[in-house]
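There are 2 protein chains.
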Amino acid sequence: MSDTQTPPTNRKTAKAQGERRGLVIINTGHGKGKTTAALGLMMRAHGRGLKTRLFQFIKHEGAKFGEHRALNDLGVPFAGLGDGFSWRSQDLERSKELAREGWREAKEAVLSGDYDLVVLDEVTYPVSWGWFDVDEVVETLRTRPRNVHVVLTGRDAHPKLVEVADTVTEMRKIKHAFDADVPAQRGIEH
Amino acid sequence: MSDTQTPPTNRKTAKAQGERRGLVIINTGHGKGKTTAALGLMMRAHGRGLKTRLFQFIKHEGAKFGEHRALNDLGVPFAGLGDGFSWRSQDLERSKELAREGWREAKEAVLSGDYDLVVLDEVTYPVSWGWFDVDEVVETLRTRPRNVHVVLTGRDAHPKLVEVADTVTEMRKIKHAFDADVPAQRGIEH
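Line by line, the protein sequences give chains A and B. Here the working numbering is used: the first residue of the first sequence is 1, the next is one more, and so on. Here the working numbering is used: the first residue of the second sequence is 191, the next is one more, and so on.
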């Protein structure tokens with residue numbers, strides 16, 4: 001029987017005896033919620049007064065409008081919008097160069113210690129495609145200032161990324177509206 | 191070979207031939223990201239001009255501060271803070287009554303059509319505990335105005351909830367910092 005079947009009345013708060021430090025968090029898997037969970041974390045961190053920054057490594061045309069506006073309203077900096085690299089780009093060399101440029105900026109932001117939380121949204125893809133070196137990403141995570149949290153999202157996270165991470169969650173699709181011919185809903189899917 | 195191993199250059203946007211309508215979305219499983227993904231969706235929806243509302247069915251002491259402040263900054267209404275029902279409540283009857291009251295309000299919000307997106311955060315628990323009737327929740331979802339999106343979160347979603355949902359994602363723990371004695375980090379875990 002699962003522990004959620006009866007209401008806990010006297011549950012002790014588990015307290016690990018470790019240090020306060022930045023975490024490397026990966027949201028991977030083929031289900032929904034990888035990017036939205038990162039956005040939710042940004043919201044929570046921002047509400048706690050932490051300084052957050054978002055880099056988006058894949059541009060989806062016309063999408064991301066809602067989240068960018070909300071981030072804007074909160075005064076949270078983000079980069080990646082309008083940078084031109086896209087799933088549907090016809091110019092791979094250009095896309096690759098832009099992704100590398102994005103990575104250089106993101107790396108600088110992570111290493112600077114200027115942010116408490118840096119989100120590298122959909123960064124697993126350019127890593128999988130070899131557009132920039134997974135070892136450099138790992139090295140950046142390993143040598144970052146201790147207080148910095150980094151969230152990485154995207155399908156099929158590289159094993160070396162999983163290894164260096166503190167927390168890895170797989171978002172698994174159990175059921176998706178799309179399979180039942182329901183189209184993407186504005187404000188929900190993008 | 192996975193489709194994420196090579197960059198897509200000419201990927202067609204899949205378009206399901208269905209209608210525009212509200213979705214029932216469930217984030218379940220024992221991993222991280224269920225609530226944060228719901229918060230991220232709220233952010234996205236809010237940025238698109240949709241009207242959203244959050245009900246939280248479990249109160250975690252001292253937690254949720256960050257997300258409430260961010261929602262507040264965005265002008266997004268939420269309920270559940272300070273309502274007194276808690277994982278650690280010693281008064282089960284009181285907790286049960288408050289959960290039922292919360293459900294009545296949430297049901298009204300869903301059925302009213304006043305909101306485009308209603309989030310029922312951690313609602314799976316009181317349902318599993320039999321504090322309110324799963325069939326009433328299902329009936330509410332089935333008879334809601336067509337445009338209303340509802341997100342339900344929590345572990346071990348009841349099979350009847352999964353059945354009525356359009357999209358169900360299981361957040362699976364692959365690795366968690368907690369297991370390595372790293373304590374919960376403020377602004378990240380809560």
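A hint or two may mislead.
[As the list claims (entries may be wrong)] Covered stretches of chain B, as calculated for chain A (at least 3 residues, CB under 8 Å): (1) 217–223; (2) 234–247; (3) 254–260; (4) 353–359; (5) 362–372.
Source of the hints: derived by calculation from the structure; they are not laboratory data. Cβ coordinates follow ideal geometry from the N, Cα and C atoms, glycine included.
Taking the hints in turn, this is what the structure says about them:
1. 217–223: holds (count 6)
2. 234–247: holds (count 7)
3. 254–260: Three-residue rule met by the segment 254–260 of chain B, so holds; n is 6.
4. 353–359: That given contact holds, which follows from 5 residues of the segment 353–359 of chain B lying within Cβ reach (below 8 Å) of chain A.
5. 362–372: As far as the segment 362–372 of chain B goes, the hint holds, because 10 residues have Cβ atoms under 8 Å from chain A.
In terms of the numbered hints stated before, the structure departs from none.
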